[in-house]
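Residue numbers (UniProt numbering), protein chains in the order written: chain R, 1 to 413; chain C, 1 to 413.
Among these hints, one or two may not hold up.
Copies of the same chain are indistinguishable here, so a pair counts whether it falls within one copy or spans any two.
Calculated lysine to any residue pairs in the SDA-like style (CA-CA distance at most 25 Å, straight line) [as the list claims (entries may be wrong)]:
1) Lys119 x Val59
2) Lys119 x Tyr51
3) Lys97 x Thr297
4) Lys399 x Ser82
5) Lys199 x Met311
6) Lys97 x Ala130
7) Lys119 x Asp28
8) Lys52 x Lys113
9) Lys125 x Asn65
10) Lys125 x Leu188
11) Lys132 x Asp93
12) Lys132 x Arg201
13) Lys300 x Asp192
14) Lys97 x Glu73
15) Lys199 x Arg171
Rather than coming from a laboratory, the hints here were simulated on the basis of the structure.
There are 2 protein chains.
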Amino acid sequence: MDIQETLTRQLPLYARVLLQKGICLQKDQILVINAPVEASRFATLLTEEAYKAGAAQVVFNWYCNGTTRLRYEYETQDKFESVPHWRSEFNLDYYRKGAAFLSLISADPYAMKGIDRKKIMAWQKAFHQAVKEYSDGMMASKTNWLVAAVPSTVWARLLYPELPEQEGMDRLWIQLLDAARCLGEDPLADWDKHLAELKQRREWLTAQQFTALEYENGLGTHLTVGLPDRHIWQGGAESTARGFLFNANIPTEEVYSAPQADRVDGVVCSTRPLVYSGNLIENFRLTFKNGKVVEATAKKGEEVLKDLLKMDEGACRLGEVALIPYHSPISLMDTVFYETLLDENASCHLALGDAYPTCVEKGAEMDEEELKKAGLNDSMIHVDFMVGSPDLTITGIRKDGTKVSVFVNGDWA
Amino acid sequence: MDIQETLTRQLPLYARVLLQKGICLQKDQILVINAPVEASRFATLLTEEAYKAGAAQVVFNWYCNGTTRLRYEYETQDKFESVPHWRSEFNLDYYRKGAAFLSLISADPYAMKGIDRKKIMAWQKAFHQAVKEYSDGMMASKTNWLVAAVPSTVWARLLYPELPEQEGMDRLWIQLLDAARCLGEDPLADWDKHLAELKQRREWLTAQQFTALEYENGLGTHLTVGLPDRHIWQGGAESTARGFLFNANIPTEEVYSAPQADRVDGVVCSTRPLVYSGNLIENFRLTFKNGKVVEATAKKGEEVLKDLLKMDEGACRLGEVALIPYHSPISLMDTVFYETLLDENASCHLALGDAYPTCVEKGAEMDEEELKKAGLNDSMIHVDFMVGSPDLTITGIRKDGTKVSVFVNGDWA
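Next comes chain R alone, as it looks inside the complex (with noise of 0.2 Å):
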């Protein structure tokens, strides 16, 4: 089958599966894109079928990672300590009245290569401030979005260095549309199944109740995960405040919850490179002590793992655990992406920073003060990293000290 009819049949079918088994658009519903420039041929397709499924409005906020990286370059540290009020105005908005939100993106592991961190960390923090309510509102599950990929030259230069570039990037959108379960007849079909697994999963897990998993490897990993009481396992579609089911990702692979915040402890490493604010972390390896991160190092950009401990109080501890087996579909492509949306899919994960209120119960309607009571982390920052390998083994810890084997050697036991 040549590629570009594979593509110009399967992308249309790619667009369906990100509006009905990912952000789940609702018939009237704003939708807002943020999408690169250099997608604009499947935005504009992606925007047709969101239009024919019922949208009331679709809005875009382009972006270009080339300006990006000038900007930084060149403007002065005062320009990025606050946000313009429009830029801030347009999430806030459109978030007030309902929309959904869906973003488009791309690996880009040394787009900020070499910029001041100064600058990119106060951006980070103006902007989380400018737009908390919106923030707090995604992470809450209080509207429905969805984190999906599309392939860039950048990223097809990046796996592909020997390619053309077009060549690239089909190839590239060929692995995108695999790992996103898209290149089948009936993609839409093979979602149900695949979600209805992950529910049947994620409702063992929450029956089990863990007090603690524990893993460990042959790399080094020896660390014990509290989880918090009444805590939920998430993963195959979650309810938004209003009621519909939606998947945050797309791929997606996992199940996940929270960990309590002061209960981890031992050290874990990590099994992929993370791709942090545009700048490469490989190899790292972090020492828990009640909850808190207190060593750090790696043999690749450890400067840049320090400064993301320390973006604030919460950065230092987990706020996501999640479990993938090792032989998923995205592993076994044997492909690092550099993007923590695929490469996360591909291996059990933590996440350090904020936690994701839904993974207690009654979580969503908790301010910030139940929420923390509750034993979940709180922080600007939320980034996961990978610590699956093939000699994985994760146990259960039930409250009366039992044990119950989770995964063995990097799979579900």
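Let chain R serve as the given structure and place chain C on it in line with the hints.
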């Protein structure tokens, strides 16, 4: 010379011409760029040149013709009757901060074909109303601004339907660079020479203080265009309120002034197609009486033309008179570009709608009432249309009734 090598060498020069001879970006000024998503590579190059020239910030308003058309196809009328606050604030806020505004455009004569014109007109009115302070400021040259062309796949296909996409785009780049006098070794020096010539023409015309111009050609044009007292001819750099020179269009081949809104009489025939809000109007004929269009016919797009004339009170009167020799570099290319920015610079033209306040003495400081009293037209629209032909004669009438030949056989007398 290989076409890619030519583009690699000349595109940075084009960017510098836009910044130094077009918008004349000032050190520490904010630059707002309206750009089609398709032109992100050139926009990135332009951004780097702008920062190197001392821009304080470069801010983007990206737009996409594909998704914009879908918006008009699917969204209901009410969505076009008001402008989101963040969107108007974007223009107003940067305008009040003294930003320069640069728009990159491409031709797309069928962009809005078949779209209900009520939606298009409603949005134009709403947008004009929402950013009136900004629009009035642009017309009165209160800050520096520029419109310049970039290729698009749609435009390349329109002009070179026989060429593969990338070849068509490259060919169009070469034509646009040629039209913008940016194919030579030292385009900046070429522009200095060109602007000096335009300045000479404009100073001669202003000194004449013609009370009217008479147009005649074999197509049936027989038109008298009255000129107000103390009118000024512009062209080849004008000054902003803060005193720096700029050129609002690249290419620019014209010298132009403002007609007296109630002293235009006779018949004028169009000589090139006109694209207005994504619709094509061809071979049209306007009859004026006391400055007002009293009859309008067109072989193609007559309804669009009639809607245009009804946009507001001033839409059926002239706001600009511009002189360009028939044998200008752009007309010698013998290409209809279907984009006014190019086509207007290949031909003498007139504009329906708003007049430039800078075309009468002290006009930039006058309020609406004073401008009206000075004889200048006021409208939310400003639509150029082409009237130049190889047999056009234009005769200037002095106050004492003596006649001076200005154009003979389409060129300067």
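(request) Quick one: which hint numbers does this structure break? Sort them smallest to largest. (result) As far as the earlier hints go, 3, 4, 5, 10, 12, 13, 15 are violated by this structure, in ascending order.
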